[in-house]
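S.K.: Line by line, the protein sequences give chains V and B.
Under this note's numbering, the first residue of the first sequence carries the number 3, and numbering increases by one thereafter.
Under this note's numbering, the first residue of the second sequence carries the number 3, and numbering increases by one thereafter.
Since the hints were made in silico from the structure, they are not lab data.
It does not matter which identical chain is meant; a pair holds if it fits inside one copy or across any two.
Pairs of lysine to any residue residues, derived as SDA-like cross-links and limited to a Cα-Cα distance of at most 20 Å, are as follows: (1) Lys353 / Ala386; (2) Lys353 / Gly329; (3) Lys13 / Ala339; (4) Lys225 / Met151; (5) Lys353 / Gln332; (6) Lys113 / Arg11; (7) Lys225 / Asp187.
So you can see what is in the structure, the chains are spelled out below.
There are 2 protein chains.
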Amino acid sequence: MTLRVAQARYKDWDRCDLTYVELDAGTAVAGVTTQSLCPSPEVEWCRDAIPLGSARALVVNAGNANAFTGHRGRAAVEAIAAKVANHLGCLPSDVLVSSTGVIGVPLPIDKAEAGLEAAFVAEPCGWEAAATTIGTTDTYAKGAHASAMIGDTRVNLVGIIKGSGMIAPDMATMLGYIFTDAAIDPALLQQMLSAANKRTFSCITVDSDTSTSDTVLAFATGKAGNAPMTSMDDAGADAFHAALSDICRQLAHLVVRDGEGATKFVEISVEGAVSDESAHRIGLSIANSPLVKTALAGEDANWGRVVMAIGKAGEPADRDRLSIRFGATQVATGGLAVEGYDEAPVAAHLKGQDIEIGVDLGLGEGRATVWTCDLTHGYIAINADYRS
Amino acid sequence: MTLRVAQARYKDWDRCDLTYVELDAGTAVAGVTTQSLCPSPEVEWCRDAIPLGSARALVVNAGNANAFTGHRGRAAVEAIAAKVANHLGCLPSDVLVSSTGVIGVPLPIDKAEAGLEAAFVAEPCGWEAAATTIGTTDTYAKGAHASAMIGDTRVNLVGIIKGSGMIAPDMATMLGYIFTDAAIDPALLQQMLSAANKRTFSCITVDSDTSTSDTVLAFATGKAGNAPMTSMDDAGADAFHAALSDICRQLAHLVVRDGEGATKFVEISVEGAVSDESAHRIGLSIANSPLVKTALAGEDANWGRVVMAIGKAGEPADRDRLSIRFGATQVATGGLAVEGYDEAPVAAHLKGQDIEIGVDLGLGEGRATVWTCDLTHGYIAINADYRS
Chain V
3 MTLRVAQARY KDWDRCDLTY VELDAGTAVA GVTTQSLCPS PEVEWCRDAI PLGSARALVV
63 NAGNANAFTG HRGRAAVEAI AAKVANHLGC LPSDVLVSST GVIGVPLPID KAEAGLEAAF
123 VAEPCGWEAA ATTIGTTDTY AKGAHASAMI GDTRVNLVGI IKGSGMIAPD MATMLGYIFT
183 DAAIDPALLQ QMLSAANKRT FSCITVDSDT STSDTVLAFA TGKAGNAPMT SMDDAGADAF
243 HAALSDICRQ LAHLVVRDGE GATKFVEISV EGAVSDESAH RIGLSIANSP LVKTALAGED
303 ANWGRVVMAI GKAGEPADRD RLSIRFGATQ VATGGLAVEG YDEAPVAAHL KGQDIEIGVD
363 LGLGEGRATV WTCDLTHGYI AINADYRS
Chain B
3 MTLRVAQARY KDWDRCDLTY VELDAGTAVA GVTTQSLCPS PEVEWCRDAI PLGSARALVV
63 NAGNANAFTG HRGRAAVEAI AAKVANHLGC LPSDVLVSST GVIGVPLPID KAEAGLEAAF
123 VAEPCGWEAA ATTIGTTDTY AKGAHASAMI GDTRVNLVGI IKGSGMIAPD MATMLGYIFT
183 DAAIDPALLQ QMLSAANKRT FSCITVDSDT STSDTVLAFA TGKAGNAPMT SMDDAGADAF
243 HAALSDICRQ LAHLVVRDGE GATKFVEISV EGAVSDESAH RIGLSIANSP LVKTALAGED
303 ANWGRVVMAI GKAGEPADRD RLSIRFGATQ VATGGLAVEG YDEAPVAAHL KGQDIEIGVD
363 LGLGEGRATV WTCDLTHGYI AINADYRS
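This is chain V alone, in the form it adopts within the complex (with noise of 0.2 Å):
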C-alpha cells in the first residue's frame, strides 16, 4: 500500500487537503459510521461498501464535508470513486471515500478529479503527512502503532485519526483509519472493529454533539503472510483483537485530547451499576454535563455536580449508595461527604492535565470508563467566533 497527498484546494489554502491510499489487491476492509440519521453522502457510500469487505483505495477529503448537500454532494462521491476505479481498474465500490469541513456546499468535482490526478502522480509520503492532510480544526496531527504475533508471524497495525471537538459538523468530524497487514475475514475484522469501536470511540465525548461524517476504517492488506484469521477462536485472534482495541484506544484519546479549548483530559469509571450499559449511559451524562465539564476547567472538587448529572442520567441509581472520588481521594460515599477528607490530594489532584473521576452506584457489577476533556473559554472561542 502507497500514501500520497495532494491540493485540491477545497478552500482558498496553501497546504495538501486531499489524501489519497492505494491498498493492495486482496486488502479486506470494516468499518463504524455516525449514528447520525442525517449522514453526509460519503457516509452513506461508506455504509453500502463496507458490507461487500473488500477495498482497493481511500480517498479522504479535508475543507469540505460534503453534507447537506443533496445529490450534487452524492455526484461528487461518485465521481471519485469512478476516476480511482478507472485509475485502479477495480470496481467504483472498493474506493472508500470520506470529507470534513464546511456542511452545505456540494463538493467542487472539478477540484476533487483535479486533486486525484495530483494525486496519482505525486510521491507516496509517509504517515505524518498523511495524518496532517486529513486533518482541519486539529492542533497537531494523531497517529498510533500497535502489533500482534499471530502464530510465529508480526503484524503491525498503524492507525490515523482527526478530530477535535467530539464532534463539531463544519471541520472537527472525526475520521479514523487504521491499516494492518495482517490476514483476516472482512467478517470477523467486522467484528472485532465494533466491539473496539463501543469500548473506545463510543466512549469519548468533547461536547455532546455527534458530526453528520464521523468514520472510523479499518483495512487489513494481508501482506504479513499469517495464517489468515476467519473466526475468534483462531490463533493469535485475541492478540490482534487485543491490538486493534490498544490501537483504537490511543486514537480515541487523542481526539479527546485535542479537544476544542481542553486543557485537561478526563477519566470517568463508573462502576457497580446494574448493567454495563447503565454504567456507560451514566458516564456520559457526567461527561456531557456543562456544569461538571466547567468545574474541572475552574479545578474544583465539585462533587454535588457529578450526583447531579448521575440523577439525571435516568438510569437506577441510589442517592443513599453513591460514592464518588477523586484522583485516589474518597469524597463522598454513602449518600454523605466524607466528613474531613484531606483536601491537598483532591486539589492537587484536580491541578494535574490528567484528572480521575470514579463513581461506585452500589447496585450492581455493571461497569463502564468514558473519557472527555473539560469545557473552557477556549471552546466558546473556537466554536462562537468560527463563520460558516
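Using the hints provided, position chain B relative to the given structure of chain V.
M.R.: Below, chain B without anything else, positioned relative to chain V:
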C-alpha cells in the same frame, strides 16, 4: 395568605434567605418536581405531601440546598415542618419546604429554627421581597401575573420563580411558586399544572443539566369565592387552565432570559415531526447542542449545526425533506441550502436579543416549541470560577 421573609444566615451574608408563606385554611396544593433520581430530601418531602392535596404554609431556604446530606438533611426538613405545624396548629404534611444552594452540607437546624421564629413575627412583605429572597445566582427578581373569569368571578394568579442555570445544582435550582385565590379541587389543579408544566417548564433548557431540587408548586386558597372547580368541564375551567399555562410560560421564559451568561433568548419551533413527543426531543436536541448555542452567541447563521443536532436526536428525520429558517428567512429546504437566500435579514435577526429557529421535518403533524439561551464566555466564567 401572608408573605414574610427573615435572615436565617445560611451563608455568611447580610440578606434575607428564608421565605415563609402562610396560607389560608382549606388551601389546595399541586406540584411537579425534578425527574432526578437523586433528589433532595425537600423534594422527597414534597412528593409525599403534594398528593394529600392541602397546604397551610411554604418555607423556602436559600443558600443551602440540603441535597446529598442523608438522614441529617431529612431531619432538617422534618424539624422545619414540625415547627411550623406547631405554630399554625396544622399537620406537618401541610407544610411544604424547598431549599436551594450548596450541595452536601446538611441544612443547620438551629439556623432554620431561629430564622422561622424571626419570620413568624416579621412584618408581612410583598411579592418582590419574596421573589428576591428565594433567589441565589439570579440577577433579578422574577414574578408574573395572570387572571381568569370563572362565571362572574375574577380570580387572580401570582407566581414567583428563581433559577438562572437550568439548572445548576449549587445555586441555580429552579423553584417556582404560583398562588391563586381560585377555588379548585387539588386533583384538578394537579391535572392542570402537570399539563402546563409539560408545555412550559419542561420545554426550557439553559445547559441540559437537571437540578436535584427543581420544584414548582401551585397553591389555591379559594378566597375568590367562585363556584369550586372540580372538573375540566366546569364553567371557567378552560379559562383558568389557560391563565395557569400563561403564568407558567411567563415564569419559564424569565428563567431562560436570566440563564447563566445568556445574551440571547432563543425560541425553537419544530413541526412536521412524526409526533409531538418526537418534535419535543428534536427541539431539545437543538436547544442543548453546545455547537448550536455557541453559534448563536457568535450571531452565526450556522444551519449546518442545526442539521447535526437534528441528526443526533435519534428521532425519525429525513435529511432530504428538512427545512430550516432563522427568523422569517428560509435558509435550507429539501436537503439543500436555499441558493442565494437574502443574508441581510438573517444577519439582522441574529444580532437581536430574541432569536427564532424554525425546523420543518416534512414527515408528519408533530410539533413542539422549546426555549433556550446562547452559550457564552459568561457561562464558563460563572461555572468554572464558582467554588463549591
